[in-house]
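Trainee: Here is how the chains run, residue by residue.
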Amino acid sequence: MDFQLREEQQQFADALRRWVAKDYHHEARRQIIHSASGVSDSAWQTLVELGMTALPVPEAQGGFSGGAVDLWVVMQELGRGLVVEPYFATVWGTQFLQLAGNQAALLEQVASGELKLACALGEQQSRHDLYDIRTSAVRDDAGYCLNGAKSVVIHGAQAGALIVSARDAGAPDGICLFVVPATAAGLQRRDYRTIDGQRAATVELCDVRVPASALLAQGSAAADLLEQAADYGVTLLCAEAVGAMDALFAATLDYLKTRKQFGTAIGSFQALQHRMADMYIHLEQARSMAMLAAARQDGGDAAERRRAVSAAKVRIGQAAKFIGQQAVQLHGGMGVTDELPAAHLFKRLTMIDLTLGDVDHHLQRFAAQPAFAEHA
Amino acid sequence: MDFQLREEQQQFADALRRWVAKDYHHEARRQIIHSASGVSDSAWQTLVELGMTALPVPEAQGGFSGGAVDLWVVMQELGRGLVVEPYFATVWGTQFLQLAGNQAALLEQVASGELKLACALGEQQSRHDLYDIRTSAVRDDAGYCLNGAKSVVIHGAQAGALIVSARDAGAPDGICLFVVPATAAGLQRRDYRTIDGQRAATVELCDVRVPASALLAQGSAAADLLEQAADYGVTLLCAEAVGAMDALFAATLDYLKTRKQFGTAIGSFQALQHRMADMYIHLEQARSMAMLAAARQDGGDAAERRRAVSAAKVRIGQAAKFIGQQAVQLHGGMGVTDELPAAHLFKRLTMIDLTLGDVDHHLQRFAAQPAFAEHA
Amino acid sequence: MDLDYTATDLAFRDTVRAFLEANLPTDLQQKVRMHRRLERDDYVRWHRICARQGWAAPAWPVEFGGPGWSATERHIWEEECARAGTPPILPFGVNMVAPVIMAFGNAAQKAYYLPRILNCDDWWCQGYSEPGSGSDLASLKTTAERVGEHYIVNGQKTWTTLGQHADMIFCLVRTDGTVRKQEGISFLLIDMKTPGITVRPIIMLDEEHEVNEVFFDNVKVPVENLIGQENKGWTYAKYLLGHERTGIAAVGRSKRELLFLKKIATEQRKAGRPLLQDPVFGAKVASLEIELIALETTVLRVITKADHRPGPEASLLKIRGSEIQQQLTELMLEALGPAGLPFDTDYLEGKREHALTGDDAAAPLAGYYFNFRKTSIYGGSNEIQKNIITQMILGL
Amino acid sequence: MDLDYTATDLAFRDTVRAFLEANLPTDLQQKVRMHRRLERDDYVRWHRICARQGWAAPAWPVEFGGPGWSATERHIWEEECARAGTPPILPFGVNMVAPVIMAFGNAAQKAYYLPRILNCDDWWCQGYSEPGSGSDLASLKTTAERVGEHYIVNGQKTWTTLGQHADMIFCLVRTDGTVRKQEGISFLLIDMKTPGITVRPIIMLDEEHEVNEVFFDNVKVPVENLIGQENKGWTYAKYLLGHERTGIAAVGRSKRELLFLKKIATEQRKAGRPLLQDPVFGAKVASLEIELIALETTVLRVITKADHRPGPEASLLKIRGSEIQQQLTELMLEALGPAGLPFDTDYLEGKREHALTGDDAAAPLAGYYFNFRKTSIYGGSNEIQKNIITQMILGL
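Line by line, the protein sequences are chains V, D, Y and A.
Under our numbering, residues 1 to 376 are what the first sequence spells out, in order.
Under our numbering, residues 1 to 376 are what the second sequence spells out, in order.
Under our numbering, residues 1 to 396 are what the third sequence spells out, in order.
Under our numbering, residues 1 to 396 are what the fourth sequence spells out, in order.
Here chain V stands alone, though its shape is the one from the complex (with noise of 0.2 Å):
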């Protein structure tokens, strides 16, 4: 049993962190988020130069096949950094084609960082259930023809090709997943800002037609194949929490050293120095449930990797809701200003707990799960 990074991990890890601290901090990224395109191509360049877009894709397709915890080590800096790009979206659709298999096309536009992916999954009714979909696929002889609408698809504009969740028309029962390109007829996007300074769009599919070998898959196949990439893609959100908490943490734990009251340095206060403890401890566990849950995504047993995805969720969720709103609260009037980086890590945080399942959606399915139920 082994907790350290290996060397490599190390060094993706130092170079993002340099390069976060020379070209992508404060004030450049509040630049980046209140431009028209809400993202920097040079800093998705640096990215790609960095071998960020090559690591997520097998060897064969001409990427360094890392696996979930060297995605982690790369989410953790992102989320330190608040980077705004299009990488975790990316990342998280490359998961689907991988999955599905037979991709290879894409899967080296990714890795040479030509094709950014967005995942387009959940509807206005849906919530947090990626099952509830009303969009349909109907086939023909030509391929399928797609209707609907996805809301708040993460960096859905700034994506090449779309992953595109539908219910069969003909088995209602039946889920498919598409490759869907940005640039089919019938699809529109309209790009918004979300408040954590991230983009997302809501995507309309009005009988868009794509070929039969743009689907991914279909029936319990594709419901499996959602399920599993889901949970990557909370393992990568998970990730991104730690590095921000971890941000935010040093940043309280500094202002309570600087930020004088009365005479004296905050931090002296016990009452203060006791909830600083508490946020120590939720971020230690919080660490250590995200931790496990990126191990349990590369082996082979899915009843532990969905039991330690939702309980990575729901503990982040929990230690994210707890530092975040402290954190804001030990800074004082500063924390709840748009100036200081905390107030921008509280509301990444805040997001990331709305995103792919909230503490309640995954304490319900770790609940559902059949080892929940075993009792002495």
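Hints were generated in silico from the structure; no laboratory data involved.
Just so you know, even glycine gets a beta-carbon here, dropped at the ideal spot from N, CA and C.
Heads up, some of the hints might be wrong.
[Said to hold, decoys possible] FRET-style restraints, in silico, Cβ to Cβ:
no.: 1; chain 1: D; residue 1: Asp224; chain 2: A; residue 2: Leu38; range: 47 to 55 Å
no.: 2; chain 1: D; residue 1: Glu59; chain 2: Y; residue 2: Ala11; range: 56 to 64 Å
no.: 3; chain 1: Y; residue 1: Ser70; chain 2: D; residue 2: Pro211; range: 51 to 59 Å
no.: 4; chain 1: V; residue 1: Leu5; chain 2: Y; residue 2: Val179; range: 41 to 49 Å
no.: 5; chain 1: V; residue 1: Leu5; chain 2: A; residue 2: Arg352; range: 51 to 59 Å
no.: 6; chain 1: V; residue 1: Ala36; chain 2: Y; residue 2: Ala11; range: 56 to 64 Å
no.: 7; chain 1: Y; residue 1: Ala11; chain 2: V; residue 2: Cys206; range: 57 to 65 Å
no.: 8; chain 1: A; residue 1: Leu259; chain 2: V; residue 2: Asp298; range: 44 to 52 Å
no.: 9; chain 1: A; residue 1: Leu259; chain 2: D; residue 2: Tyr131; range: 56 to 64 Å
no.: 10; chain 1: A; residue 1: Ala22; chain 2: V; residue 2: Ala60; range: 48 to 56 Å
Using the hints provided, position chains D, Y and A relative to the given structure of chain V.
Mentor: For chains D, Y and A alone, kept in the frame of chain V given last:
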């Protein structure tokens, strides 16, 4: 609107408090709970002399027609003093008799102190659901024949008559309520201590025959009566809990002011001060809710009563857990010994939560009321 | 013990309800209920509607233009305004500077300022906090040096709520730096148009411009703008703190927001039924509703005490009131799920009639959650309130 | 990062499991699993079974009779013992006084005491706490005055766990009252049969006799019972605190108790189905299980660190470990509902084979809940642990 007690209410309270201080202090109580009977005849006699048994009984039957608020005052003092006599059980049983009507003879005996009552409602399988009844009532020419077992009947073995809930064998959806003399043939009681120093009993009914006049209510009237009387019982328990929390809060505050560690009173440590401030807030919020529940007993609006009673039991359960656990923690090692009243108050408060529906039970009942679904 | 309103109270409530129904403009009501951002004119319009009725300053004595209401009536008024969804009457003039002027101002100050406050002729803001003085207010550094018939004011105030609209600011300034920090402070009224004043926005984490920094660079303030005696300002500020603060519990607004939360949670669905009926989410809402009912009862206990004097119980009301407000926003956001992410400032500011995503109710709620983290920080942070309880109530 | 046990670890686990299956007496296992009270003989029996195998002191160096296990193997051993439901091997001899004797005792002390500890020939108890010194241990007042070849000990110790059974007590005593409080303390071993020692029970809030007061009235202790140097006792006590304390998280026991909680919650029913399937109760259990999984992972992170030295992380493990234990007992009691009230001491003490109410599993649980409030108080209260985190990890 007026939250003050009337003068005579304050007088009851003062008289009870003087009595507890003189005759029902910690050591006296210890002897009572470790005695064979677990109750004190002389203490009961004092309660009778102070008019406490007459208080809930209508004037027509020799009582004082005390309302819920009057009883609330009494129960609060008994809670403060940790009195373990069968007063709650008797007053609660009285409410069943009064609501049923036509029970003048028994009520007179209650008023005079001759008759103690107990409510035999819960069963092994029922947990908090008072409608989960397996005890059966079979009608015959002479009256009814009862069979079943009631568990954790508070002061069941000390009572002269028992309120018994049963299911009408002829109409399985129908509940019946009976008043059964403790001496009835076929009725067996197994008396035991409860961990909070009270007494309870298992009551077995084996072909117990009662006349038709023993039937207090049946069908939907019985269900309503059961609910209303249970709400009344909850209100009494809430008052007792507020008294106990008052005492526990005061003892803890006193301990913080006198116990020294590291050369200073531990009450000078800010982390403990803020904990104590949290306890204060819990206490006052619980007190408010308990008052509201009592005030909503005597009015006619059943919907308002249900909401207020369940809200009170929830809020008091939350406060009792927080105050109880923290009081013990702040007392340090002494808090976990049998020697201080603090531990006994904590135990009683814990058991009140398990009686007549816990926090979750009443939270769910509150949420099931039609008013809860109203929205903007 | 009788926990019902009297018939007189109920009749008063009906009067208030009728007034609100007839006079609260629908557009304002919609803005408030839908959590859209209020502009200067919105506040002024509503203030003047109340002023015409003589109800703009419920707590003022009749001699200065108050309506002569009892504590219970004032409570009912606040409740009903919150229930209807009126814009707030900002406290800086009516409830903050006015009581100080009444108690410590001279005749000329009373005659000039009070009617203008009552009618919202001046927009007031508060100049207490400074960058270095958060919870430790008395450590303030802005100086006022007496030179002839003026004070020359230099320094910086911060967290000045809606100061960007203000005509006047009341400030605590240091007039004697040689004595104990509480003893060298004076209470000064300053015209915001005076040369040397610069207002700089502070943008909140929901990107709203709600507070400001105010810089004073050799600002000349006539000595007649001093309230009471020089160096007694700390006493006046503390007087205000001892003033009626049960409204701080914000029970009325929270009741309205609870109904809004339930609306959201009824529309959002989980496992095929309204989220409000989900046992876990429902339990959270129920628990919060119960806390609110308890708080309302606690407020009524405080204001109906025969010998009622505002005291340290206000700290309890502040702590629980702010926590309830925060939890309401938290549950609203939780109810939305992913629909909480889109951030449509154009809609919030009224530049677009409907939200980009089509969901007008959802659009402001994440911002609302973030913004309301302030309620446990401002007005004496909840930690400071616990210190007050510790000292004043518990005697520790 | 590889979070699976190695094949060697797994083989070791199988060995341990086989040993436990073959050697753990069923009656002891039943007592432990069913939360009945253990007697002196129960502890000794199990200790000697382990001693025969050479596994009674997993953390001891091989030279003194330890099995030479790695940190991971020790963890597996603890896990498996907890899983099976063995009685604990009491720490007072093996884990508390023994490491001090090894590090600071002389050759004669090592030769005499260590084998006796390993075989449980002596029952040890701890004489640290005093009535006036709770969290402030160094303020202890019990004195030891050197007179010829003896120390004369006077004073009182308290919270002496299972001292009623003890043959020996190790004490911190004051040998110099004129210096800084930490500098006048010595570490003394005292035979409990020495005249002048009185043991008085302290009854816990579940009415169990688990701890004691120990009074010393002119107790003569031979000087050869001093460990190390006079007045250096505080250093030795602190050495112990820095010792391996990851076991304090009690993850293994909590995993067993979680399964027991689920058993109770499966048997109890709500709305016609097992309580464990109630969404609200199920969510509480799930949340607790997740916390426990996280804690287990945190423990593994700590013990597998390449440069592992026990440090202040132990405070995290103590805090969360004790809270999880407490929450488990809390949920067990909550699951029972009214069935938690009956208090059947005769059954708990083994005087009756079955509980009076017929529900053997339920009978001990209220007492268990009450008793376990101690876990956040003893061994350095959780408040003290937070102070340690504050100082040692956060640097505040």
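Trainee: Please go over all the hints and tell whether each is borne out by the structure.
Mentor: Hint check:
Separation of Asp224(D) from Leu38(A) is about 51 Å and conforms to the stated range, judged on CB atoms against 47 to 55 Å. For Glu59(D) and Ala11(Y), the Cβ-Cβ distance of about 34 Å falls outside the hinted range of 56 to 64 Å, so the restraint is violated. The hinted range of 51 to 59 Å is satisfied by Ser70(Y) and Pro211(D), whose Cβ atoms lie roughly 58 Å apart. Separated by about 59 Å at the C-beta atoms, Leu5(V) and Val179(Y) break the suggested range of 41 to 49 Å.
Distance hint for Leu5(V) and Arg352(A): a CB-CB separation of about 57 Å, consistent with the stated range 51 to 59 Å. The supplied range of 56 to 64 Å is met by Ala36(V) and Ala11(Y), whose beta-carbon atoms lie about 59 Å from each other. Judged by the Cβ atoms, the range 57 to 65 Å given for Ala11(Y) and Cys206(V) holds: they are separated by roughly 59 Å. At roughly 28 Å, the beta carbons of Leu259(A) and Asp298(V) sit outside the given window of 44 to 52 Å.
A C-beta distance of roughly 31 Å is found between Leu259(A) and Tyr131(D), which places it outside the suggested range of 56 to 64 Å. At roughly 52 Å, the beta-carbon separation of Ala22(A) and Ala60(V) lies within the given 48 to 56 Å, and the hint holds.
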